[in-house]
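Undergrad: As a plain string of letters, each chain reads:
2 protein chains.
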Amino acid sequence: MVPKVVFGEGSFDQLPSILATQRQEKAPFIFLIDDVFKDNKAFLDRITLRFNDKLLFIPTEEEPRTAQVDSLVQDIKAEFTKNPSGIIGIGGGTVMDLAKAVSIMLTNPGSAADYQGWDLVVEKAVYHVGIPTISGTGAEVSRTTVLTGPVRKLGINSDYTPFDQVILDPELTQGVSKNQWFFTGMDCFIHCVESLNGTFLNAFSQSYGEKAYDLCKEIFLEDNLAESESRAKLMMASWHGGMSIAYSQVGVAHALSYGLGYVLGIKHGVGNCITFQFLEEFYPKDVALFKEMVKKHNIEIPQGVCKNLTDEQMDLMIEVAMSMIPLWENALGADWEKVITRDKLKALYQKM
Amino acid sequence: MVPKVVFGEGSFDQLPSILATQRQEKAPFIFLIDDVFKDNKAFLDRITLRFNDKLLFIPTEEEPRTAQVDSLVQDIKAEFTKNPSGIIGIGGGTVMDLAKAVSIMLTNPGSAADYQGWDLVVEKAVYHVGIPTISGTGAEVSRTTVLTGPVRKLGINSDYTPFDQVILDPELTQGVSKNQWFFTGMDCFIHCVESLNGTFLNAFSQSYGEKAYDLCKEIFLEDNLAESESRAKLMMASWHGGMSIAYSQVGVAHALSYGLGYVLGIKHGVGNCITFQFLEEFYPKDVALFKEMVKKHNIEIPQGVCKNLTDEQMDLMIEVAMSMIPLWENALGADWEKVITRDKLKALYQKM
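Chains as they are written, first to last, in my numbering: chain A, 100 to 451; chain B, 100 to 451.
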């Protein structure tokens with residue numbers, strides 16, 4: 100778990116004093132920043148660079164890849180003789196995951212792809228700070244960093260993955276577009292639904308998952324929250340949602356969404372929404388709630404994304420989804436293969 | 100915050116493998132254990148002692164004192180040439196607080212009393228593990244360790260106070276007596292009420308506080324939980340309640356209860372219940388709920404505890420309560436002194 104967190108509007112400005120205690124001589128802080136902030140001078144001016152600190156802007160149209168991590172690490176190692184004092188990720192789930200992965204790969208040999216899986220990391224990561232600017236993924240609190248590798252999309256799950264420090268400043272999520280707000284918020288709602296309806300659930304995950312779920316309902320279905328309140332609550336929903344899945348698992352929507360992501364590069368939050376709407380069979384009450392939210396906020400979910408798939412693409416998509424065994428086990432129990440067949444998945448994908 | 104936590108029935112048995120990675124040569128693990136387990140051979144047999152590891156039984160009739168911390172530290176230092184590999188606290192709030200304080204004082208000079216306050220600890224504490232066996236105080240997750248010192252009852256609040264590892268095993272709370280279950284559970288309920296109704300509240304504390312509050316209502320007012328579920332949920336309520344007050348404050352009941360504790364040695368959970376029942380003026384809805392819980396579980400709250408106080412004792416009690424300025428500010432805002440006078444507190448104490 101994340102050992103240190105500060106929360107509150109404006110808490111972002113505590114960053115310099117937080118970093119001051121961690122600075123090592125001649126070792127820079129590297130800031131990985133969502134490139135949506137590239138031309139936001141007012142925001143960038145709030146980041147105090149000292150000595151050889153460095154800003155790197157991260158394009159976030161695509162999900163993070165192991166090759167991207169390797170190349171970032173290579174660049175940092177080429178430029179600096181000492182390992183950085185720390186990595187600071189400022190952005191959405193993609194930047195959070197990259198910051199965690201880069202900080203791990205600065206102290207561990209080989210490629211990030213070598214560490215996709217559970218507890219494969221040997222050396223403690225470089226000090227790393229997460230500052231989310233979009234709420235919902237839970238990446239700011241999770242023990243994993245989901246990466247698309249050469250052979251699979253899978254997280255680096257380890258004790259060294261979580262951030263050493265997180266700054267939760269709801270003000271930073273102010274500029275998020277409506278679609279992104281919704282799709283990323285729904286990532287939280289959907290993984291809570293999957294966790295709460297899963298067979299792996301325990302009281303720990305349940306208590307976090309229920310709180311995140313309740314907050315999502317309040318934010319996306321009710322009308323009694325001021326905008327700043329709603330932002331702060333969504334930030335906490337993301338946090339609790341992330342905690343919930345740390346000790347349980349996601350389910351059907353995520354398994355299918357991984358297939359969409361792997362074959363079509365569809366972003367995680369959007370992919371979850373595309374799949375979830377067709378899962379009444381598994382989550383009837385919550386798919387109905389979800390549709391209410393979509394309607395209320397007038398969101399258009401991409402349609403027909405699987406329309407022009409080649410047979411090979413469809414096969415690969417089914418392959419990827421089927422391979423998510425822990426997700427299916429969580430969703431449907433040990434006998435999941437009686438329900439989930441290749442034909443069943445094909446029929447589901449063909450609706451999307 | 101606590102960086103590592105395991106949860107689940109039977110998770111206590113993961114302790115040896117957790118400790119194995121932390122053992123330093125010739126440096127023992129010291130187990131501080133609530134002396135209620137002294138004759139519980141079955142339980143003690145589950146604790147694997149290796150090399151020079153040591154069990155110390157802790158009497159818990161009284162709240163922890165700074166002098167007690169100092170004497171435990173002295174004993175450990177006298178017996179071992181090296182600082183321990185770790186301190187493991189197994190018990191209720193008293194043992195949790197002692198374990199945290201001892202681990203701090205093994206690396207910091209002077210008396211524990213020197214560190215009562217905020218961020219006075221300089222050196223990182225010895226590795227410490229918390230294993231709660233009673234749920235409610237939140238001491239397993241909090242950033243403080245409340246101690247009665249020579250001049251005040253006040254916590255050692257620091258970044259080094261939280262446990263490095265917590266094991267939440269609801270099975271361990273099975274033997275708790277009904278009264279203790281209730282009074283300690285109400286500690287959680289009451290500090291959530293105080294936090295949620297306080298002026299210091301933010302969305303972070305609110306989300307944790309609401310979850311703990313809802314769990315308490317479910318546990319203490321509804322009848323639909325199996326015993327093992329109820330135990331697991333109370334453990335999580337304690338956890339979330341502790342997180343809630345980490346970033347907010349408690350209020351009127353705690354301020355008054357500190358007075359009772361200081362002058363009469365009344366234990367914290369009991370003291371909170373004694374005071375809370377008379378606080379309709381401040382927390383009307385929740386005092387009513389509390390009375391429902393008391394009735395439902397047929398609990399007798401001690402009465403007339405202030406009946407035979409001397410004038411000096413009453414004055415001291417009022418003094419201690421009045422000195423809890425942040426609690427009053429949280430409960431009633433900056434103008435609290437307009438409402439809370441010595442006479443007002445005297446009148447309240449005289450009811451108890």
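Do not rely on the hints blindly, as some may be mistaken.
Pairs involving identical chains hold if they fit within one copy or between any two copies, as the list cannot separate such chains.
Listed next, the in silico DSS-like pairs over lysine-lysine satisfying Cα-Cα at most 30 Å (straight line) [claimed, not checked]: (1) Lys223 - Lys103; (2) Lys390 - Lys181; (3) Lys223 - Lys316; (4) Lys137 - Lys125; (5) Lys437 - Lys103; (6) Lys395 - Lys103; (7) Lys395 - Lys137; (8) Lys140 - Lys390; (9) Lys316 - Lys140.
The set of hints was computed from the structure by calculation and includes no laboratory data.
Undergrad: With reference to the structure, classify each hint as holding or not holding.
TA: Now for the hints, and whether the structure bears them out:
1. Taking the shortest Cα distances, Lys223 and Lys103 sit within 30 Å of each other both inside one copy (17 Å) and across copies (15 Å).
2. Neither within a single protomer nor between protomers do Lys390 and Lys181 lie at most 30 Å apart by alpha-carbon distance, with minima of 51 Å and 62 Å respectively.
3. For a Cα distance limit of 30 Å, the shortest separation of Lys223 from Lys316 qualifies neither inside one copy, at 38 Å, nor across copies, at 42 Å.
4. Proximity of Lys137 to Lys125 under the C-alpha cut-off of 30 Å is restricted to the intra-copy arrangement: shortest distance 26 Å within a copy versus 54 Å between copies.
5. For the identical chains of this complex, Lys437 and Lys103 are neighbours neither inside a copy (44 Å) nor across copies (37 Å), given an alpha-carbon limit of 30 Å.
6. In this assembly of identical chains, Lys395 and Lys103 lie within 30 Å of each other by CA distance neither inside one copy nor across copies; the values are 36 Å within and 40 Å between.
7. Proximity of Lys395 to Lys137 under the C-alpha cut-off of 30 Å is found in neither arrangement, the shortest distances being 32 Å within a copy and 60 Å between copies.
8. Taking identical chains as interchangeable, the C-alpha atoms of Lys140 and Lys390 are never at most 30 Å apart, the minima being 38 Å within one chain and 57 Å between chains.
9. Within a single copy, Lys316 and Lys140 get their C-alpha atoms no closer than 35 Å, and across copies no closer than 49 Å, so neither meets the 30 Å cut-off.
Against the hints set out earlier in the document, violations occur for numbers 2, 3, 5, 6, 7, 8 and 9.
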